[in-house]
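Novice: Knowing the structure of chain Z, use the given hints to seat chain U on it.
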Amino acid sequence: MVSTRDSTGLHPEIWKALYAVKDPEIPPLSIVDLGIVTAVQVDEAGVVHVNLTPTFSGCPALKIMESLVAEALHEAGYKDVQVVTTFEVAWNSNMISEAGLQALLKHGLAPPPKHDGYIELDVLSDTPCPLCGSRNTTMQTPFGPTLCRSMHYCKACSNAFEAFKPVS
Amino acid sequence: MEYTEVHVMAVKELLYKMADDQLILGHRNSEWTGLGPVLEEDIAFSSMAQDKIGQAHALYQILHELGEGEPDTVAFMRNAEQFHCCHLVEIPIGEYDFSLMRHFLFDRAEQLRFELLSQSSFEPLAQVARKFKGEVKYHVMHADSWVKLLGTGNEESHARMQEALNQAFPLALGIFEAGPYEEALKEAGIFEGELHLRNLWLEAIKPVLHAAHLTLPAAANDALASGGRYGKHTAYLQPLLDEMTEVFRIDPAAEW
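Just so you know, the protein sequences line up as chains Z and U, in that order.
In case it helps, the working numbering puts the first sequence at residues 208 to 375.
In case it helps, the working numbering puts the second sequence at residues 24 to 279.
The following block holds chain Z by itself, in its conformation from the complex (with noise of 0.2 Å):
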């Protein structure tokens, strides 16, 4: 399912190869489905405009993601192509779309509950175990091998298994 994110139907040839563009940290995730592609336009010039957000302000594969979506951009066609990193619309994990939750899911990590805002130790201490799907299990720490992950311990399975973390 090829889903554009796109709510003014403008530009789906842009939007396509944008979908092709993965998270460098997790290969089965498109970058739109992930919510951090905030605008695509196309000027008079023909120059294409391309906003991403940071899930995480320290996140260093953002440079590595500007370049990719400039480098599959050129790849379709576009020759004049300007990525640039916004905070105008602040990233939340609920911005992840459903093939986004169901691609983490196949990457092993569970993926970020909906929430209302309210983020605490009891919420993330009842994450389903992505492998077995028990919820008997515990939050070892919020912080894993990148940050947008926290690490966790499924009591059903015994095994270990890292999530990916609500972020309001």
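In short, the hints are calculated from the structure, not lab data.
Predicted model, so just to flag it, every value in this text is computed and none were measured.
Just so it is clear, CB atoms sit at the ideal spot from N, CA and C, and this is done for glycine as well.
It is possible that some hints are incorrect.
As the list claims (entries may be wrong) - Going by beta-carbon spacing under 10 Å, a handful of chain U positions derived as facing chain Z:
1) 63
2) 64
3) 68
4) 71
5) 73
6) 75
7) 77
8) 80
9) 157
10) 160
As the list claims (entries may be wrong) - Quick list of in silico lysine-lysine cross-link-like pairs, DSSO-like style, CA-CA up to 27 Å:
11) U:35 to Z:270
12) U:171 to U:229
13) Z:362 to U:171
14) Z:229 to Z:321
15) Z:286 to Z:229
16) Z:362 to Z:286
Specialist: Chain U alone, transformed into the frame defined by chain Z:
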């Protein structure tokens, strides 16, 4: 309202002190990389360091858009007296109890600062504050759980945490040293001011310290930890800057 020249200077001063606090404490946190008492804590302090450096970069970027130097230049090319950070963030990491207590006191203040600033009339700052407060939430969660755990652990852990609080609390008051533009920030709806933040902070840390069986030390002399916002620093800052910029200074024009 339209910003006057004073408002712009006030915004810059606010951005500099926030960014410098994040950069310096980020650097201090990173000193735990490879040395944490357990692997999870090693990762936690390294992750928080990464968040703080990222936040510092975003704030320096806003300053750059207001006409200041490039973020890297501003971060790496200034001397201690040009920094606006508070003394709390400059102190060496010490024992783990001190680093943990500093992290608790500082990040509790940051969380409240970002919440206030997410309503700021200065939109670029409001935008990043909305992002930062979701990030720092995890820092606060981490700090609260360890402060409570060790405060109520055993006799030694309790005594160490109380001693760390006694040492860090007077320094933490320096976070709220009034800047030269408090009134201008308030009247333009940019920021409600350090005194307001300090009061919110005191109310926020009390229940956690109570649950941790720790006692706030008697009213400390604020003046002890002040001066940082005006370029007067502890003897620890310049050596930290020298170390942080050692590689950069070998060849400032190098392409990485």
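Novice: So, for every hint listed, does it hold in this structure?
Specialist: How the hints compare with the structure:
For residue 63 (chain U), the shortest C-beta to C-beta distance to chain Z is roughly 4 Å, which falls under 10 Å, so the interface hint holds. Against a cut-off of 10 Å between C-beta atoms, the interface hint on residue 64 (chain U) holds, since the closest Cβ of chain Z lies about 8 Å away. Satisfaction of the interface hint for residue 68 (chain U) is found here, the shortest Cβ-Cβ separation to chain Z being roughly 8 Å, below the 10 Å cut-off. The restraint placing residue 71 (chain U) at the interface with chain Z holds, with a minimum CB-CB distance near 7 Å, inside the 10 Å limit.
Interface hint status for residue 73 (chain U): upheld, as the beta-carbon distance to the closest one in chain Z is roughly 4 Å, under 10 Å. Interface restraint check: residue 75 (chain U) against chain Z, minimum CB-CB distance 7 Å, threshold 10 Å, status holds. Checking residue 77 (chain U) against chain Z: minimum C-beta separation of about 2 Å stays under 10 Å; hint holds. This hint holds: residue 80 (chain U) has a C-beta 7 Å from the nearest C-beta of chain Z, less than the 10 Å allowed.
Against a cut-off of 10 Å between C-beta atoms, the interface hint on residue 157 (chain U) holds, since the closest Cβ of chain Z lies about 5 Å away. The beta carbon of residue 160 (chain U) is positioned within 10 Å of a beta carbon in chain Z (closest approach about 6 Å), and the interface hint is therefore held. A distance of roughly 26 Å separates the Cα atoms of residue 35 (chain U) and residue 270 (chain Z); the hinted pair therefore holds under the 27 Å criterion. At most 27 Å may separate the alpha-carbon atoms for a hinted pair to count; residue 171 (chain U) and residue 229 (chain U) meet this at roughly 12 Å.
For the proposed pair residue 362 (chain Z) and residue 171 (chain U), the alpha carbon gap of about 24 Å is at most 27 Å, so the pair holds. For a cut-off of 27 Å, the pair hint linking residue 229 (chain Z) to residue 321 (chain Z) stands: about 22 Å separates their Cα positions. In summary, the hint linking residue 286 (chain Z) to residue 229 (chain Z) is supported, as the alpha carbons are separated by about 21 Å, within the 27 Å threshold. Note on residue 362 (chain Z) and residue 286 (chain Z): the hinted pairing is violated, with a Cα-Cα distance of about 53 Å set against a maximum of 27 Å.
The structure does not agree with numbered hint 16 stated previously, though it agrees with all others.
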